[in-house]
Amino acid sequence: MKLWNVLFRRKRDQGSSQQRKAVKQDGRSGKAVSRDLEEGLSKDVDENLRTIVAELGGSDDLTIRKIDAAGTDSVVVAFIYIDNLVDSAMVNQMLLHPLMSEIGESRSGKSSEEWYRTVRDRVLAVGRVHEMRTPEEALACILEGQTIVFLQGSAAALAADTSGGDKRAVEEPGSQTVIRGPKESFTESIKTNLSLIRRRIKSPRLRVERKTLGKLTQTQIALVYLQGIAKASIVEEVRRRIDRIDTDSILESAYIEEFIQDAPITPFPTIENTERPDAAAAGILEGQIAIIVDGTPFALLAPVSFVRFFQSSEDFYQRYDIATFLRLIRYVAFFVSMLLPAMFIAITTFHQEMLPTPLLISLAAQREGVPFPAIVEALLMEITFEVLREAGVRMPKVIGPAISIVGALVLGQSAVQAGLISAAIVIVVSFTAIASFVIPAINMSIAARLIRFVMMILGGTLGLFGIMSGLMVLLIHLASLRSFGVPYLTPLAPFVWTNWKDTFVRMPHWVMKKRPPTIADGSNLVRQGDDQMPKPPGRKSKF
Amino acid sequence: MPLNPEKIGSIQAAVLISMAITPTAAIVIPTVSIGASGQDAWLSVLAAWPLGIGFALLYGSLSRMNPGVSFFSWLDSRLGRAVSVIAGLLLAQYYLSVASVTIRELVNFLSNELLQKTPVAVLSAVPILIAVYAASGGIEVIARISALVYVGMIMFLALGIGLELNQMQPQFLFPIGDAPLPRLVESGLPSVGWLSEASLLFILAPYLSKPRRSTAIAIAGVSLAAVQLSLIVLLVLLQFGPELPGIMAYPAFAAAEIIKYGSFVERVDLIFICVWVATVYVKLCIFVFGTVHCFTHSLRIKAAKPFLWTISLLIFLHSLYSWSDEATFLHYQKSVSTAFLITCNVIVPALLWLGLKIKRRPPASAGESP
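As they're listed, the protein sequences go chains A and B. So for the first sequence, our numbering puts the first residue at 1; every next one is plus one. So for the second sequence, our numbering puts the first residue at 1; every next one is plus one.
Read the hints as simulated data drawn from the structure, not as lab findings. On a predicted model such as this, the values are computed, not experimentally measured, just so you know. Do not take every clue at face value.
[Stated by the list, open to error] Ranges of calculated distance between the beta carbons of each label pair, as one might list FRET restraints:
#	chain 1	residue 1	chain 2	residue 2	range
1	A	ALA364	B	LEU320	33 to 43 Å
2	A	ILE329	B	GLN169	36 to 46 Å
3	A	SER233	B	LYS260	49 to 59 Å
[Stated by the list, open to error] List time: in silico BS3-like cross-link candidates among lysine-lysine, alpha-carbon distance up to 30 Å:
#	chain 1	residue 1	chain 2	residue 2
4	B	LYS210	A	LYS501
5	B	LYS7	B	LYS302
6	A	LYS501	B	LYS7
7	A	LYS513	B	LYS7
8	A	LYS513	B	LYS210
9	A	LYS514	B	LYS210
10	A	LYS501	A	LYS202
11	A	LYS183	A	LYS202
12	A	LYS513	A	LYS535
13	B	LYS7	B	LYS210
14	A	LYS535	A	LYS202
15	B	LYS7	A	LYS514
16	A	LYS167	A	LYS202
17	A	LYS514	A	LYS183
18	B	LYS302	B	LYS359
Yeah, the Cβ is synthetic: ideal placement off N, Cα and C, and Gly gets one too.
Sequences are here, hints too, so could you generate the full structure?
Have a look at this one:
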């Protein structure tokens, strides 16, 4: 308990400094209040309660439970907590019940000091209990879902970790589904998420550093990494970037992502996000640092390279040959998603000679009567599809089929029959849309969608030369990006051979002997022994 | 925090040197060399290779003396400020000129073959803007894109050779050694001029992660370029024979134009053209970076960005207005370019090398016999 108190007090100090800042910057409301908060707690329980209640504006969800000494009106103990943030059953069973029994049995004849020590060390039956000396600290703990116990005659209070309330259960991932592999996903609770990682990496080297961000939201975040496997310089850089965040609210991990990413102006993600604990654990095992944020099921992983966004967790659960094939399909789909409409426009507008004659005649026949040039036709269709896609995400599930029918029949078939667009462009846009769903990382898929429009304009104005120019700009941009100092195009440029075993192809696990040296600490790259190739005893040479 | 900030690896540097040579040489050398020495043109390109290696040794020897500072700071410390500024401005002018020639070559090709109706100013502006963007990222970024484009280029070159196999006629190469020596020399000179562009090593030297490998890097870069050029010349010869290429504008692309398999693989030359355009972009990025580097480092200018835009505008105008028509440009390429390249890339470095050797000699003390 002592050790815990020492450790926790240190962290609490960090938290309280944040809280102090919050109070100071929160309002002009009050220098007087902030001065009171920084002063020590009173020995009078009622006075302490008044201070807390005043600070919280008499909020209705604040629950206070006072316990009197037997046969008197004088309050000896008071509990204070916020409804719904605590586990009520835990408060009743682990705090109230033992304390009331103790009051009955051994309160009499003890000095305030002795009584305080007894309650702290023997009565409160929860794992985390720590002392606090100022109302400011008490407030911070209440807002985190802890229960504060004030004892008459003592200028210190006890905070018991009873945080609870309604939480979503661990469910199947909504956006990163797999056919084979774990079916668990992160939830909105940081505790649950940390436990999901701990259950996968049972190593004493797994480090969890908790921090509080957001002056008003006081959001708990945790940096999770493996000591000795994550590069110390990168861990330090992540810590530094997080520490300099000065904002009043963090409601989702995307807030943090935007504050700490390397390149603010880019459509490409330089930090990975995942709702899969197995993907987060795999990243941590490779040397990445996970950032878990309370209130969101999406964890961040950094540093990351471009090729990582084309890997799916399932690649490592399927056979390596199948995984390689699927991975190559994803790369092709990325280029299709980004370039197909632009290529269609460029070829039909500028370079018709590239098409075989029968196809050219067929396309020309389809376009006969279409009033728009290819670029306008393609842009109209793409924008229509984007509207449909956005509607698909937002609309109530009940009317989903109706929108699908409207999209497919009215906008597709009818528009072709009315001669507004050609059938070829419907095929191109549909295939492009399907290809964009193949990319496992939604943020990379969105980047391809954005770039597609630029490419279409370039293809429509300068033909293949325009597309080539666009690709060059893209390549230069990608080559200039970094993720926490790691070049984004690693291992392609700069070339890193070790990483190639898990880039375009997924080599068998027994071949991938080392961790990626660009991410993992150089002194701890080897993850498995030599000669791990399976050698069944019955296997003999055929020669 | 970067892994290796602003440093480039040896392979990246060799590829950069090769990419500084081949994109424009691949267009001009088949026409000029085959025009001069017929079926022996490939021999003349191969003969230029040892000379290129000689240049590489010179550049490597100069670069290895550099303790890791910019070429001009080093010249300043060894030969004085005046020599450093003169050499810097001369090299800046050389890089500027080659960048302009590169743009002009690209624009001429595009306006003849692909985009006849697009204004030349637009076609010139696009590559220069891309080069400015790349140069502002620094040599590290250029080295990375160069390596990726190079891999793509090699893949497509191999694909092209594979697809053109059914069109090749080995008898076009015979008789070997038929061209007289003066013809071979005339044919090989442009290749020598282009291979001398390995002098890029001077500005790469301070960025190399392993500067001791300077000579090997230069030799590798020159060798990669020489082998590619020989392959391209051979490819053209094997398809069109010794007579036609001399009067063709772009024989390397004409070779890709006649690829035909069934009724669906035809006119794929555009794909090869796209890859070539990418290589030209890389060359342009290198030379725009080189111009700005030489100019700002020789004059000790700290804020390079405004000069990047100014110099790029100058390159843009130079490429648009220095040659009134294509004939003038072709004349420049055939007659002036080689002499200009050899002056800037061979004579100037040789003079500097000589100066450094003389300067290094310890002064004779009084009383000693000479």
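Restraint check for LYS183 of chain A with LYS202 of chain A, where alpha carbons must lie at most 30 Å apart: holds, 20 Å
Restraint check for LYS513 of chain A with LYS210 of chain B, where alpha carbons must lie at most 30 Å apart: This hinted pair holds, its Cα atoms lying about 28 Å apart.
Hinted pair LYS513 of chain A and LYS7 of chain B, Cα distance within 30 Å: This hinted pair holds, its Cα atoms lying about 28 Å apart.
Pair hint LYS302 of chain B and LYS359 of chain B, alpha-carbon separation not exceeding 30 Å: holds, 29 Å
Satisfaction of hint between LYS183 of chain A and LYS514 of chain A, Cα-Cα up to 30 Å: holds, 27 Å
Pair hint outcome, LYS501 of chain A versus LYS7 of chain B [Cα-Cα no greater than 30 Å]: Satisfied, since the Cα-Cα distance of roughly 25 Å is no more than 30 Å.
Satisfaction of hint between LYS202 of chain A and LYS501 of chain A, Cα-Cα up to 30 Å: With a Cα-Cα distance of about 26 Å, the restraint between LYS501 of chain A and LYS202 of chain A holds, given a limit of 30 Å.
Pairwise hint evaluation, LYS202 of chain A against LYS535 of chain A, where the allowed Cα distance is 30 Å at most: Cα-Cα ~29 Å, so holds.
Hint consistency between LYS7 of chain B and LYS302 of chain B [alpha-carbon to alpha-carbon, up to 30 Å]: holds, 20 Å
Pair hint LYS513 of chain A and LYS535 of chain A, alpha-carbon separation not exceeding 30 Å: holds, 17 Å
Straight-line alpha-carbon gap LYS7 of chain B to LYS210 of chain B, limit 30 Å: The hint holds at about 9 Å.
Agreement of LYS7 of chain B and LYS514 of chain A with the hint, judged by alpha carbon distance not exceeding 30 Å: Holds, at about 25 Å.
Checked against the numbered hints above, the structure breaks none of them.
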